[in-house]
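Mapping the sequence shown onto UniProt numbering, position 169 (from 1) lands on 169, and the numbers just tick up by one.
These aren't lab readings, by the way, just hints derived from the structure by calculation.
One thing to keep in mind: the hints can contain errors.
Unchecked claim - BS3-like mimics (lysine-lysine), calculated; alpha carbons at most 25 Å apart, straight line:
1. Lys165 x Lys91
2. Lys175 x Lys47
3. Lys107 x Lys165
4. Lys175 x Lys163
5. Lys176 x Lys91
6. Lys175 x Lys165
7. Lys176 x Lys69
8. Lys165 x Lys176
9. Lys184 x Lys69
10. Lys163 x Lys176
11. Lys165 x Lys47
12. Lys69 x Lys175
Since this is a predicted model, take the numbers as computed values, not measurements.
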Amino acid sequence: MTTSKPNNLTQKRTSYINLSKMRKSFSIKPLAVGIAGILVSACSGGKEEALVFKNVEDCVNQLPDMAQKCQTAYQGALEEAARTAPKYNTKNDCEYEFGTNQCVVYKESGSSIFMPLMAGYMIGNMLSPRPYYQPMFTSYSRYSPYRYNWISADGYDFGDSRKRKLRVKPSAFEKKPAVTRTIKRGGFGSSVRAKSSWGSKSSGKGWGG
Numbered sequence: 001m002t003t004s005k006p007n008n009l010t011q012k013r014t015s016y017i018n019l020s021k022m023r024k025s026f027s028i029k030p031l032a033v034g035i036a037g038i039l040v041s042a043c044s045g046g047k048e049e050a051l052v053f054k055n056v057e058d059c060v061n062q063l064p065d066m067a068q069k070c071q072t073a074y075q076g077a078l079e080e081a082a083r084t085a086p087k088y089n090t091k092n093d094c095e096y097e098f099g100t101n102q103c104v105v106y107k108e109s110g111s112s113i114f115m116p117l118m119a120g121y122m123i124g125n126m127l128s129p130r131p132y133y134q135p136m137f138t139s140y141s142r143y144s145p146y147r148y149n150w151i152s153a154d155g156y157d158f159g160d161s162r163k164r165k166l167r168v169k170p171s172a173f174e175k176k177p178a179v180t181r182t183i184k185r186g187g188f189g190s191s192v193r194a195k196s197s198w199g200s201k202s203s204g205k206g207w208g209g
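Start from the sequences, fold in the hints, and give me the full structure.
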């Protein structure tokens, strides 16, 4: 589960990127999502319930007694996003998949690399001292097969980004492989489309390894 401190690769990359720029700003609206039930319930079929929040404020508004966990999970998700999000050589390639002004640049070995903004973060096991978390992305591009949907860093589509309650397999919170190479325009969308078609079938290495 993704609860440990970032490794050296994460630290190296985040030293080149302002993590605060990776987050998006959203207006916060009250949500009737049955928070109490989600915190303690498990779903049938080996799945568990998780919550998705846009940012820390969103999380604290819904879980005021868990403000510190909201903050800790959010920061951890930002670091995971820097480590595992799809990477592109050009801004145009990134924006083709995620939409105009939806990508952030960082420097690595003297080169500019582009990656999508973190659109939200998914949290599970909130009653534990160390809740699970994962960064979530979405696209506003008309060319994208996952437009307006929640997408994980490894290309799984969790459906409409207006949803805040998700039923996920425990594997959704497993540590993702670090992305060590860039991909071409449309490459991430192809991965999402393939995983949507194949269901649980995927390679152990992951598309970005």
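Consistency of the hints with the structure:
no.	hint	verdict
1	Lys165 x Lys91	violated (32 Å)
2	Lys175 x Lys47	holds (17 Å)
3	Lys107 x Lys165	violated (35 Å)
4	Lys175 x Lys163	holds (23 Å)
5	Lys176 x Lys91	holds (24 Å)
6	Lys175 x Lys165	holds (21 Å)
7	Lys176 x Lys69	holds (21 Å)
8	Lys165 x Lys176	holds (22 Å)
9	Lys184 x Lys69	violated (36 Å)
10	Lys163 x Lys176	holds (23 Å)
11	Lys165 x Lys47	holds (12 Å)
12	Lys69 x Lys175	holds (19 Å)
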